[in-house]
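Enquirer: Chain by chain, the residues run as shown.
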Amino acid sequence: METLKLQKRVPVSAMLDSKIVIPAIGSAFKKLDPRLMIKNPVMFVVEVVAALTTVIFIKNVITGGSDLGFAFQIILWLWFTVLFANFAEAVAEGRGKAQAESLKKTRTESQAKLLTGSDSGDKSYRMVSGTSLKVGDVVLVEAGDNIPSDGEVIEGVASVNEAAITGESAPVIRESGGDRSAVTGGTQVLSDWIRVRITAAQGSTFIDRMIKLVEGAERQKTPNEIALNILLVGLTIIFVFATVTIPSYAAYAGGSISVVVLVALFVTLIPTTIGALLSAIGIAGMDRLVRFNVLAMSGRAVEAAGDVDTLLLDKTGTITLGNRQATAFRPVRGVTEQELADAAQLASLADETPEGRSIVVLAKEKYGIRGRDMAELSATFVPFTAQTRMSGVDAGGSSVRKGAVDSILAYVNGGASFAVASGNTVRAMQPAAMSDTAREIQAISDEIAKGGGTPLAVARDGKLLGVIHLKDIVKGGIRERFAELRRMGIRTIMITGDNPMTAAAIAAEAGVDDFLAQATPEDKLQLIRDEQAKGKLVAMCGDGTNDAPALAQADVGVAMNTGTQAAREAGNMVDLDSNPTKLIEVVEIGKQLLMTRGALTTFSIANDVAKYFAIIPAIFLAFYPQLEALNVMKLASPQSAILSAIIFNAIIIIALIPLALKGVAYRPIGAGALLGRNLLIYGLGGIIVPFIGIKAIDLVVTALHLV
Amino acid sequence: MTMIGWIQIALYCAVVLALVKPLGGYMTSVFNGERTFLSPILRPVEAGLYWIGGVDEKREQHWLTYTVAMLLFHVVGFLGLYAIMRLQAVLPFNPAGQSAVAEDLSFNTAISFITNTNWQNYGGESTMSYLTQMLGLTVHNFLSAAAGIALAVALIRGFARSSMRTIGNFWVDITRCTLYVLLPICIVYTLFLVWQGMPQTLGAYVDATTLEGAKQTIAVGPVASQVAIKMLGTNGGGFFNANAAHPFENPTALSNFIQMISIFALGAAMTNVFGRMVGNPRQGWAILAVMGVLFIVGVAITYGAEASGTTGLNALGLTGGNMEGKELRFGIVASSLFAVITTAASCGAVNAMHDSFTAIGGMIPLINMQLGEIIVGGVGAGLYGMLLFVVLAIFVAGLMVGRTPEYVGKKIEAREVKMAMLAILVLPLMYLGWTAVAVVLPSAVASMANAGPHGFTEVLYAFTSATGNNGSAFGGLTGNTFFYNLTLASSMFVGRFFMIVPAMALAGSLAAKKSIPASAGTLPTTGGLFVGLVIGVILIIGGLTFFPALALGPIVEHLAMTASTLF
Amino acid sequence: MLREIRPAIVLLLGLTAITGFGYPLAMTGVAEAIMPNQAQGSLIERDGKVVGSSLIGQEFKGEEYFHGRPSATLGPDPQDSTKTVPQPYNAINSMGSNLGPTSKALIDRVKEDVEKLKAENPSMPVPIDLVTTSGSGLDPNISPEGALFQVPRIAKARKLPEDRVRQLVTDKVEGRLGGLLGEPRVNVLALNLALDAAALK
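If you read the sequences in order, they're chains A, B and C. Each step along the first sequence adds one to the number in the working numbering, with nothing skipped, and position 235 is 235. For the working numbering, add 1000 to where a residue sits in the second sequence, where the first one is 1. For the working numbering, add 2000 to where a residue sits in the third sequence, where the first one is 1.
Hints were generated in silico from the structure; no laboratory data involved. Ideal placement from N, C-alpha and C gives every residue a C-beta, glycine not left out. Careful: at least some of the hints might be erroneous.
To be verified - Once the Cα atoms are required to be at most 30 angstroms apart in a straight line, the calculated DSSO-like pairs of lysine-lysine come out as: (1) B:1215 x B:1514; (2) A:634 x A:662; (3) B:1215 x A:534; (4) A:475 x A:212; (5) B:1215 x A:536; (6) A:534 x B:1058; (7) C:2116 x B:1215; (8) A:104 x A:19.
Unchecked claim - A few chain B residues that face chain C, going by a derived Cβ cut-off under 7 angstroms, partial list only: (9) 1047; (10) 1049; (11) 1053; (12) 1054; (13) 1094; (14) 1095; (15) 1204; (16) 1254; (17) 1443; (18) 1446.
Please work from the sequences and hints to get the whole structure.
Expert: Rendered as structure tokens:
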């Protein structure tokens, strides 16, 4: 179940390879610019106090103060703290930049064939620069041409290589009308030609947006990040109060405390760990989505994904395999299964639809009926049309037909029309007007439909033989997946055009929580609105133009890259692989992002306990020797204690960069269990780790005679 | 520590717990505007007040209007109280002939009573006339308590409501709280207290001739009626200087027990009101559990410390714990228990002198207040203080389950975090800031009764108590100076109103939000994990703020004491 | 905003009338009517003269009376009214010593008291309540041990047999309420009244 894995495992070493690390060191220094630093209030404060103590230090060097070596080391580590934070951010950005580079290569200057004629048949054009195209221009793109900008196919069909954006080298079909009309600038037409109406100006194309997103150039703080920043700023202010009052308290006791020591205490107490890693976590979250070939148009969307309460999933392609498969032949009385299978196989010989193929396969596997050659049989294929709603073969005076039950019944009845409500409904027919066989066919069909299957009637030469049971095949592992979602507190709703009976059966088999049958786009929109009115966040994916309103209404709308331009505009995420199941991963990535923030915040705050025990006895020992009792770590000296604490405080930032980039592992075990687990690791761990860390650093500091 | 001591503590907890549900149910119906069994008597009075005051009880208020109404009410109350104190010499009911209260002391006391602090920079029996005690202090004991409860109810409505602009009507809430909740209980309670021996008279102080022939003037007065509301409303301002240690203000072990019950009764019941109003009583119990755990731990530490006595006294061969400053009828256990209760709630009444507690025994009351008096807390104030911490705890922890944090169906977002943070920020600013000023100001240092770390703790305790609107004191500190009258008044004012305004903004913002139904992905807020989490956040966030100050006060004093160092 | 001023004033006045006037006065009326003794301060009269309150401790210095606990109350200095001097059991200015556990002043005073008591009765350990001040300075009680400790001195001063005095103490010991609440104690004033009464017989 490879697809069910949360993320493509990227080893930490790869995350921190030298291509990223070396430039990141450079930008760590560039980011010291206060105008940039102020965006991160906690680290800005550290920079300010580092600068302040540096100035005091220089003054002391000139006037000849004491303890200069100690002060120098503290100040050095203060600067390291800031640099490490900048480095973390630079590394996170670096990974995006590398991806952006490869994207930029596809954005090479291209020429475009701007159509000059107004008539659709007129193919006259003039070559213009791709950059000069305006929205609404119509261009011709032929085999071998790059599509100059995002647009909508208004005429023609072509195979397009979209590897530039999806990384998938197999060509995809783009055609006018329908749900596969959107083309992306920078992709290449491999065969045929298309007429494209440009929908995005240069600089705002899909690839341009992608580049900006992965570079993090336009990164804005997300709502949750803003809230967290407020908390961190608040804590910082509290620690300002806690530290600036200390000199006065010390003065009462007859002691004094140097500014550099006070600054060291302050910096170790304020939540620098999370402050340093906060933006890296956000960037890495977006980046994880990109690795998953999903583009989020905003960080807000990623966060919203974590909050999703209701998932709307299209049945076809998401819950079931795209195509129905024949699973049984159900003959009427007097006909053997073998006979029916034989007729069904014959009728399907020329049927290239997946359903047709599956009938042939079933006939072969179960009844050993071998493939026959149409030409050998001198058979003619009667294709499926919307009018007849059946297909079949005429061979050797015999004609075999398979099709929708009501169509076949009408066919054998010599064209007498039955009152039929819809393709899948046979109940409306008048029983009195039916033969026994017809009634039997109908009974079998009803039974199949109730079980979620689709009945396909088969007739040979006007005689009803039986029914083929076509079944929606629920994807392997999907049931477990929904159970997992349920444990995450997410309700799944299956959306299908099937009738309620069929829908209910598939819903039960797949294990979704609810379904919307015979769904129209309006129903879908209404369902989203209803859920939202109950305070729930809704995610859905869609590709068609008629999905656009629902995609826009949903809190998380994932548009398939194969979809229409309208759908891609309406959603706040685009899945480049056009795999609707990915919605689930998107949710998990959103959760992971929030969890990582929470875990590191908890860790950061919990760290303070140990730092107090390191620094408080150290700074008051001179005038209250009794406080040695609080030196539970038995640190060698007051100076080594303070230095060790500040070193730990800086190094922990570096140590946690991989976690910030990789994210805290999400497990679908329910909120309570998850919290318990994370509290244990990051809360309790956050209390214990620094005790060990500071003690270890103190041993090193003492051994090296740094103080 | 003795078995009988622990049984007393257990009995206390059991009685408080037993009262939570009935009181919570009753208060819920009062604040939902329902009819109660007292309506036949009280409804006409209530309706009359609305009619004269021009209050439309059906018209609810936006959080801002609600807050402004509350503030206006307090401004008017402040002016009235200040005037009474300044004019008491010429007003009736002054048999002891008390002169006008000084300007700065009147200012401090008026702020003190409107903020539910009831800090006493005065000795009641030597400063206040009967009129001031009744018309000034007793009234504000009622009204500041009712205001606190009203505000908490408004915040609860914020959590309970969905997509609404209003959070109730302040005038209705305060009137109903006073008439239906506080007054009826106080009437019964007063008579009980008198029965136990508490004076309730308008007669003059009594001159007695002692057995040895000396003259002893015994202060009496309308004590019971004021003490009833002082305890029930977690005001704590005593009729007498020695507060509940005074035999007239707390005559027996039973009166002491009931007084302790009455400190916690309404505050604990408010958690039940919360649970009922948000539609899940378990939410209320979870909050009470947080309070309960912190409380029991505090009691155990203080009781343990007081029972082991001080090194200095033990060295003289004295046993039986630290009896300095404690009344014999209460002993170690009831004194320790009372101290923890009174500071856990923002009552501030004392039945023993906290200043004479052991360093650790006195540190727990200090910590209780520094945490924001959220362990049951002041009536109303305790709950909204606790809810602010819950908001922060939920925010940090909620992220760890991978969702935007939510509490009782409300998403905790930037605005909520901002308001909770603002409210919590002002507390350390006041008590750490003013302490830092006072301990380096020679005139302020001169007010200390004890030297060394203990003197530091006296000052820290004073500002903490004022900021937390507690009112208890390390009484040795001479607070009736111009400096302390003003700085303490500012602490009380900021500690009350700078917390209330963000809390009300929070109420407004919550009320306007949609309520989200809980799912398996929602952080459960009724279980042990949640309780542990909130306790952790309270201790760590709170503790980190004041640990340096504690290190230089009680902690170092304790270490000095065990080393037999005296100051 | 302005519309809130009227209710602010009206409700303050209305609720003041109810809680600050009606309530305490009604309570006073009821209390004086049904429990006049308690309402007026549990006063004790002997020979028609008020000798004190059963709830308020008073100072005993003489050898022939049981002493209460040390009291930290102050009173105005007769020489200079702006200053205060110790005035034990001053019932219009209740207070404790407010001395902390590391207070030299406290330990010195207690040490002095302990030495005095040890000299007075070397046979028993000094009970802590006899050397520590109470919270109010008006504590009417001492512990049974505190009373028994003083028996030899009183017996000697009053020339009564120790057993007789000890019996008086035992009679006056009040236990815990329901065996649970409070501490065993002796009311000093009541004990001394009983002592006086016994001496008269």
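Enquirer: If a hint holds in the structure, say so; if it does not, say that too.
Expert: Results of checking the hints against the structure:
1. B:1215 x B:1514: Cα-Cα ~70 angstroms, so violated.
2. A:634 x A:662: Cα-Cα ~35 angstroms, so violated.
3. B:1215 x A:534: Since the Cα atoms of residue 1215 (chain B) and residue 534 (chain A) sit roughly 76 angstroms apart, the hinted pair is violated (cutoff 30 angstroms).
4. A:475 x A:212: Given that 30 angstroms is the threshold and the Cα spacing comes to 36 angstroms, the pair is violated.
5. B:1215 x A:536: Roughly 77 angstroms between the alpha carbons, so the hint for residue 1215 (chain B) and residue 536 (chain A) is violated.
6. A:534 x B:1058: 27 angstroms, holds
7. C:2116 x B:1215: Holds, at about 27 angstroms.
8. A:104 x A:19: 18 angstroms, holds
9. 1047: Status violated, d = 12 angstroms.
10. 1049: OK, holds: residue 1049 (chain B) within 7 angstroms of chain C, min 5 angstroms.
11. 1053: 4 angstroms, holds
12. 1054: 5 angstroms, holds
13. 1094: 14 angstroms, violated
14. 1095: Violated, about 12 angstroms.
15. 1204: The hint is violated - residue 1204 (chain B) has no Cβ within 7 angstroms of chain C, the shortest such distance being about 11 angstroms.
16. 1254: 5 angstroms, holds
17. 1443: This hint is violated: residue 1443 (chain B) lies away from chain C, its Cβ roughly 17 angstroms from the closest one there, beyond 7 angstroms.
18. 1446: 15 angstroms, violated
Hint violations for this structure: numbers 1, 2, 3, 4, 5, 9, 13, 14, 15, 17 and 18, all remaining hints satisfied.
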